[in-house]
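Asks: Sequence:
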Amino acid sequence: MRTNAAPVGGLTAWTPATLREQDWLLHIDQPLTAMATRTQPEFHLPALTLLAERAKAALEAGPGLVVVRGWPIAGWAEEQIDLLCYTFGSLIGTPRTQKAGLVTTGENARRGMDDQELAFHTDRGGPPGPPHLLGLLCLRAAIHGGESLLVSGHAVHDRLLEERPDLLAELYADFHFGAGTVSNFDRVYPVFEWRAGRLRVQYNRHWIERGQEAAGKPLASGAVAALDAFDGILADRDMVLCFPLRSGDLLLVNNDVVLHGRTAFTEDPRARRRLARMWLD
Numbered sequence: 001m002r003t004n005a006a007p008v009g010g011l012t013a014w015t016p017a018t019l020r021e022q023d024w025l026l027h028i029d030q031p032l033t034a035m036a037t038r039t040q041p042e043f044h045l046p047a048l049t050l051l052a053e054r055a056k057a058a059l060e061a062g063p064g065l066v067v068v069r070g071w072p073i074a075g076w077a078e079e080q081i082d083l084l085c086y087t088f089g090s091l092i093g094t095p096r097t098q099k100a101g102l103v104t105t106g107e108n109a110r111r112g113m114d115d116q117e118l119a120f121h122t123d124r125g126g127p128p129g130p131p132h133l134l135g136l137l138c139l140r141a142a143i144h145g146g147e148s149l150l151v152s153g154h155a156v157h158d159r160l161l162e163e164r165p166d167l168l169a170e171l172y173a174d175f176h177f178g179a180g181t182v183s184n185f186d187r188v189y190p191v192f193e194w195r196a197g198r199l200r201v202q203y204n205r206h207w208i209e210r211g212q213e214a215a216g217k218p219l220a221s222g223a224v225a226a227l228d229a230f231d232g233i234l235a236d237r238d239m240v241l242c243f244p245l246r247s248g249d250l251l252l253v254n255n256d257v258v259l260h261g262r263t264a265f266t267e268d269p270r271a272r273r274r275l276a277r278m279w280l281d
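So in my numbering, spot 54 of the sequence shown is number 54, and the numbers just go up one at a time.
What the hints contain is simulated information worked out from the structure, not anything from laboratory work. Treat the hints with care, as some may be off.
Said to hold, decoys possible - Restraint ranges, calculated between C-beta atoms of paired labels, are given here:
1) Ala225 with Gly125: 26 to 34 Å
2) Ala235 with Arg277: 21 to 29 Å
3) Glu213 with Pro46: 48 to 56 Å
Cβ coordinates follow ideal geometry from the N, Cα and C atoms, glycine included.
Using the sequences plus the hints, can you model the full thing?
Replies: Below, the structure written as structure tokens:
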């Protein structure tokens, strides 16, 4: 188990006070698509590729997040949204599926699909493990609320190193992120882990507690204290970047660096909040 005695620092260990809007917000200022047929958009690949390169730079060499604002998706069918997500996602990483995961609030009672606040977390994903990148394309926003909340996991690490170095090593140990079975692979990994010289962050308090319980391995007092310290830093609003997603906004985050959450919201039951989600490796 390797820990780091020095802070991560750099562009990835941001707070809202150190983050400039131009570091993470890209405006679409030229046509990227034209409707060639009634069912499929035609993409201008040179312009789309340039935009993807800028987005990838922010995700891999910048703060680990980017919002691409201004996608002309009004009136698009589900198949057209799928094609957009797959085409643009393929220029940044490797999509896990050719279909975007369309998420509409109120479809069921799963966490994240209701109108309540969603706690900070990284996505667990399915086999082969957590995705490297997460994308959320806003198709329809809520009437009120539903702001995206983002925190740098590297900044959390550095705060813990400064304020609670005695607890940091606990978060380099393995945790069960949910129960594993023969058909559902084991999700066992640390909160903090160094890979190829970069700090990887994975966190979801809800699933850690459920996973440890299901594995018959209740959390020891030191682990609970470390998770509480992590949550205490997440509760500091000076650490949190908060903004609303508009229709046509695509939020991309580096799932190895940035934790995301969401505020509670109010919506029109006749036109529910709707997103398209994609996972990229």
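Asks: If a hint holds in the structure, say so; if it does not, say that too.
Replies: Hint by hint, here is what the structure shows:
For Ala225 and Gly125, the Cβ-Cβ distance of about 28 Å falls inside the hinted range of 26 to 34 Å, so the restraint holds. Separation of Ala235 from Arg277 is about 26 Å and conforms to the stated range, judged on CB atoms against 21 to 29 Å. Taken as a hint, the range 48 to 56 Å holds for the pair Glu213 and Pro46, whose Cβ atoms sit roughly 52 Å apart.
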